[in-house]
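Once you've looked at the hints, dock chain C against the given chain B.
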Amino acid sequence: MNARKATPWVAGILVMTGMVCIGLRIRTQHELQLASGESLWRLTYAVKFQTEQAGARLSLAIPFDTPRCRVFRQVVRYSDLQPERLRAPLLEAREIDLVTRHAGDQNLTARFDIHLSRRARFSAYDSETSLTAQARAEYLRGDKGIQVESAAVTETLQSIRRETPPPDDLVKRLFEYCHTQIVAGEENAPADAAGAIKKKTGSPLGRARALVALCRANKTPARMMTGFVVEESESLEPRAWVEVWNGRRWEPFEPVNGYMRELPYNYLAVRRDGGDIVRVTRGSGLESHFSVLRLPSGPGAARSKHRSLLGLVDLTRLPLEMHEVLSLILLLPLGGLVTAFFRTMVGVRTFGTFTPTLIALSFVFADWRTGIFVFALVLSLGLVSRSFLDRLKLLMVPRLSVVLTLVVLCIIFCVSLLDYVHLTPGAQAVLLPMVILTMTIERFYLTSEEDSVPFALQLLAGTVAVAVCCYLVLRWAAAGRILFMFPEAHLFTIAVLILMGRYTGYRLTELWRFRDFKPRGPSEPPRP
Amino acid sequence: MTSLLKMPASPAELRARGVLGINRRNADFVLPANPRSHYPRVDDKVLTKRICESRGIPVPETFAVIECQGDLRRFSDLVRERAQFVIKPAHGSEGRGIVVVAEHDHETFRTSGGELHSLADMCYHISTVLSGLYSLAGQHDQAIVEQRIVRHAVFERVAVGGTPDIRVILYRCVPVMAMVRLPTRESRGRANLHQGAVAAAVNLRTGETFGGVCKDHFITEHPDTGATIDGLRIPFWDKLLEAAQDLAAALELGYVGVDFVLDAAVGPVILEANARPGLAIQVANRCGLQHRLDFLDTQPPEALAPARRAELVAALSEMK
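Note that the protein sequences, when read in sequence, are chains B and C. According to our numbering, the first sequence holds residues 10 to 537 in order. According to our numbering, the second sequence holds residues 78 to 397 in order.
With the rest of the complex left out, here is chain B (with noise of 0.2 Å):
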């Protein structure tokens, strides 16, 4: 079979291939049977906050892996965010931290799909098996809502240890104390350890940070753990508990319900910290909604236990701080698609087949407005000096790593000259490509000696032009969103690039170039 009728067949291959693939998913998503005392969840945050400024910072706590629990798909929806690096899973919290671009309104939108199981199935990433030093002070020292050195925390432990000889379990009594000796209190109850110790009555609060700050005194280490009870839910509020170390391992300890030791399954770690799930720095009015929902069996749940291939293709479950990458490099092939159009189909002639694509990737991290002032400061003042460099008479790859070497001192002085001015960009916001951007001025600048300024321009404003469709692309975020739930759907540009590569009609460049072959008008002159 030759190669133009084996084509359409391959394409169809792969259409029908892909459509499969993703009908299977989609199918099975409503097909997963899940074993008896596991469930499916979905804890949604919805936060609003006002900003006077850019440059706020919202930080959101997300829900611990245990071995009861595990969260099997994560998405973050927000409009006028941009995501800080996120930090890698820390002892006290996994937080994603989002910065302002303008003031104004904010919204953001979390969603953890949840996998719950009354038996403990799971290998947890990160169980705790021994403390160090520095931990160790962490959760022996006092501060505003726990304060160990309070006379009341240290004259009820003293009582309470002499009703308590060595061998009898202080810790249970401390924690029977909390629950028993300290009520429920009213609305405005003591929130704080000291407070609920000495009128015998605190919030639920309170109550966890009055063992805390029993435990603490006897040089026991405690810390706060704050979540939720996962049920349904339309408005959910976040619980406190306690966690003791008992030298193996930290224990759960829940005073408002008198859980010790063992909580329900359906108790959700966010933080280890005892501090908010959401906060906002430089910025008012916080609002922060939490609900539950009860989820129908889906993907990736029954896959936890055994690791099925399928589950490769599924990105949703890897860690949330991966997903704005790998969305991204999924739109790359479109930038690829969008460049082979142009340059099949339009004819339009660039710098470099890829440039174009890799100029666009660059600015979906910046701030367009910095990155083009950056680019086009860049591009000129490496011109100037790759034009004083010829004079020089170097060899390549020495004059090619001075004109380099110069790119990054520009795009540097750049950063220092716009926070000098106070308008600082992100790190990333000039995280240009300075390779890319070196050989772009040397073949400028070679293209202009060699051909003439007019052409190297055409050049530049063919590779500007490209650039900018793949920019529009790369930031559509619908299709990154639906690549990244069914990265199979390339197979689909696969199939367009194929069909694209046998295309052998007129670029639209060349009814321009030929244009003189329309039928003879009275000015041309005949043919012999």
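Read the hints as simulated data drawn from the structure, not as lab findings. Check before you lean on any hint, since a few could be wrong.
[Claimed, not checked] Simulated DEER-style distance windows between Cβ atoms:
id, chain 1, residue 1, chain 2, residue 2, range
1, B, V393, C, T185, 26 to 34 Å
2, C, M396, B, T513, 15 to 23 Å
3, C, T188, B, V334, 49 to 57 Å
The model shown is predicted, which means the values in this text are computed figures rather than measured ones. Glycine included, C-beta positions come from ideal geometry on N, C-alpha and C.
Here is chain C on its own, set in the frame of chain B:
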């Protein structure tokens, strides 16, 4: 100027005239007819020249091939006995990196364009050639020092500042279309169409020029000299076509463009061959390539035998 205002052609109009587009050229002719493994034979001019020499096809005499920076010290000795010579990159394209030395006294070198260069300048130029500045993929290159071609008298009034070259496109070893490219002041003596050189079509059968085109517009006179570019008879035309066919067969490339220059003494010599020859030749000929290529595709293999090609060439030259 009127043509600037002219509307673009429609695909149907171009198709009717048999105009070959770049996509079709690549997909239907270059990719199937030219095996990638044979590309070095045309991309490396040292290799092209060696193939020509082994077949007795005339090429400019090679004085030296400079392969490494160390050879630069010998450059002065290499050219001591040569009054005139040309330096060109072995992997160059579109005439880039070519320096034509018209006279020199071992210290100062005067180019055909009248510029003066010191020995150090010349050595620097050669070292940029060696470092791959002009080569297609930027890989390490060689510099060829070769005989300078003396322009044939027939082109005296229609070439400014350089030597015209003659391009013949061959498909399945049969010449299908030809043109001559005449340098102008705007093209700075280079025979490059997109830099403003003039192209005139050549009648395949007779070797006589007709028509003309400059920057994709029809013209009949040389823009600098005003001399007509119509009706020039290229000497040794049959010899030239024969050499082109021999080279195409030797290169084993089905779709190839061969570039000649006419030497006043020797006649046609081959400068280089191109596995992806440009499409401007169609504008110069005011005729599309597609119909001619399709015609050859319908010929049985025995009709393409060397002895019968004259008939085919005659038939092709009549096609519009």
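Consistency of the hints with the structure:
no., hint, in the structure
1, B/V393 / C/T185: 26 to 34 Å, "31 Å, holds"
2, C/M396 / B/T513: 15 to 23 Å, "21 Å, holds"
3, C/T188 / B/V334: 49 to 57 Å, "54 Å, holds"
When the structure is compared with the earlier hints, no violation turns up for any of them.
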